[in-house]
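Respectively, the protein sequence lines represent chains F and Z.
Going by our numbering, the first sequence opens with residue 6, and the numbers climb by one from there.
Going by our numbering, the second sequence opens with residue 1098, and the numbers climb by one from there.
If you're looking for bench data, these hints aren't it; they were derived computationally from the structure.
Note that the structure is a prediction, hence the values are computed from the model and not measured.
Wrong hints could be hidden among the right ones.
Subject to a maximum C-alpha distance of 25 Å in a straight line, what follows is the list of computed PhoX-like cross-link-like pairs (lysine-lysine) [as the list claims (entries may be wrong)]:
1) K1118/Z <-> K50/F
2) K1171/Z <-> K146/F
3) K1118/Z <-> K146/F
4) K1171/Z <-> K1194/Z
Which stretches of chain F does chain Z cover? Using the computed rule of at least three CB atoms under 8 Å from a CB of chain Z, they are [unchecked claim]:
5) 357–364
6) 393–404
Quick list of simulated restraints, FRET-style, between CB atoms [what the hints assert, rightly or not]:
7) D317/F <-> G1137/Z: 43 to 51 Å
8) S1213/Z <-> S334/F: 50 to 58 Å
9) P333/F <-> G1212/Z: 43 to 51 Å
10) D317/F <-> E1186/Z: 16 to 24 Å
11) G260/F <-> E1186/Z: 36 to 44 Å
12) D1119/Z <-> N201/F: 53 to 61 Å
13) G367/F <-> V1180/Z: 46 to 54 Å
14) P360/F <-> V1180/Z: 46 to 54 Å
15) R1208/Z <-> L49/F: 28 to 36 Å
Beta carbons are placed, not taken as given, at the ideal position from N, Cα and C, and that holds for glycine.
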Amino acid sequence: MTDLAWLDAALTAARPQAIGALLRYFRDLDVAEEAFQEASLRALKRWPVNGPPRDPAAWLILVGRNFAVDEARRRNKQEPLPADELISNLDDAETPLAERLDSSEYRDDVLRLLFICCHPDLPATQQIALAMRMVCGLSVKEIARAFLVSESAMEQRITRAKRRVAAADVPFETPGAPERAERLAAVAAMIYLLFNEGYSASGGSAHVRTPLCEEAIRLSRLLLRLFIGDSEVMGLTALLLLQHARTPARLDAEGNIVLLEDQDRSLWNRELIAEGHTLVEKAIRLRRPGPYQIQAAIAAVHAHATRPQDTDWEEIDQLYAVLEALQPSPVITLNRAVAVSKLRGPEAALAVIEPLAPQLDGYFHFFGLKGGLLMQLGRNDEARAAFDRAIALANTATEAAHIRMHLDRLQGQSSI
Amino acid sequence: MRYAILCYNSEAVVNAWSKAKDDAVMADHMISMEKLSAQGKLGPVARLMPTTTATTLRAGREPVVIDGPFAETKEQLLGFYIVDCESLEEAHEVARKFLHETGALEIRPVRFFHGSEPG
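Whole structure, please, built from the sequences with the hints as guidance.
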């Protein structure tokens, strides 16, 4: 740790608010970003000498805004610019900025920024990339590395996203209640996807990419601070915390997948579990169930069991039933089948997943589970066929290696 | 005289700390705690979970539960309890007994706890 770690943290923490406010003034992602970068550079010079300002975000907004206005004026001398429109919000520049940054304005700025990153015109990959760049402040290089694409490809993805947002003529007014709920769902979905991207990598060699999970948790906590009474945002945050708590136990020393029931539960992060658990309790109190809350509740049941045999599968089965009713999806039914196999055996579970075959024909986990159930029933040839199909569909080498282990076990059994 | 030392910082900043930074801060606190403990000067120590985990009981004819931390600036921090409860619900039940005609109680789970009796 360097002495300047605090400065990094202070800049990261102030970033959503500062970029959000600069975006309100200049209505352009590039201008806002450039202004924030310039302000951050000045902070790196000043703060270590003078100490951090009392309100770092207000300082960064003020310095960034002045820089961007100067830039616009300078450019204005060379080419005419709609200067009035550009600086329309700056009339009362004398008002001490810190006083105006009341909490509701802060909330609206950060929300607007999140909403813009999750604009419905953007495909999910662009939403995530844009949020990681603008809100989290990761460099293009870092984002590219996290998604295993070249830096130039990621640069292009972000540029394209910014261009689309600019072309989409985003309303900068604070959205009304129904629109807000809709966009909130889009932001939550983006955070969930980002987490999953890190939790179960969709390609490449690394099966778990912790930094993506950590950024997703940071964003989710930020969203929860803005919507502190929203049960689904509580559920989302709880879900991510409870899943992430298991990360230290999910891979063994060789990097092989360790299934939930084989994990060393002493490696689970108890602090994250406790925090996730509290959020689930808070959400349940509100009696407005939703998919994130139920998934979090399922994760909490798993986390609660100190040994795999203590798992309350009855509760998990019931929670999945609620989830199925709320959000019918073959993947959810597939997950429910695991609980069914624990409660009523592999035959019953197979009966649950058989009808899913046409929809999950290209889904790795379908064939992984099917093979496992068939193996338990001693139907080894069919199990082998399912595992072969799973290997063909594996997203990472780790997933493939895990299935190969089952095949080896089958091989061993048949040679005896 | 016993003193309470209340720690304030920006939650966004502390959340942005890397694990290494957080561990270093905690290690630093542990050193001071050990020294104080050896001198018999250390009482209970607690690090609280984020404010997003908080609920607030607000006094009234019917006390109401609000999601989130205590946010008013008109009232001042006058004291605190640390209680061990099975659930958030039980913590609320316990807290209700401490509620008067006015004021509020924030219920926040404890993330880290070190218990000892000073003196």
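Results of checking the hints against the structure:
no.: 1; hint: K1118/Z <-> K50/F; in the structure: holds, 21 Å
no.: 2; hint: K1171/Z <-> K146/F; in the structure: violated, 47 Å
no.: 3; hint: K1118/Z <-> K146/F; in the structure: holds, 23 Å
no.: 4; hint: K1171/Z <-> K1194/Z; in the structure: holds, 23 Å
no.: 5; hint: 357–364; in the structure: violated (count 0)
no.: 6; hint: 393–404; in the structure: violated (count 0)
no.: 7; hint: D317/F <-> G1137/Z: 43 to 51 Å; in the structure: holds, 45 Å
no.: 8; hint: S1213/Z <-> S334/F: 50 to 58 Å; in the structure: holds, 51 Å
no.: 9; hint: P333/F <-> G1212/Z: 43 to 51 Å; in the structure: holds, 49 Å
no.: 10; hint: D317/F <-> E1186/Z: 16 to 24 Å; in the structure: holds, 19 Å
no.: 11; hint: G260/F <-> E1186/Z: 36 to 44 Å; in the structure: holds, 42 Å
no.: 12; hint: D1119/Z <-> N201/F: 53 to 61 Å; in the structure: violated, 25 Å
no.: 13; hint: G367/F <-> V1180/Z: 46 to 54 Å; in the structure: holds, 52 Å
no.: 14; hint: P360/F <-> V1180/Z: 46 to 54 Å; in the structure: holds, 50 Å
no.: 15; hint: R1208/Z <-> L49/F: 28 to 36 Å; in the structure: holds, 31 Å
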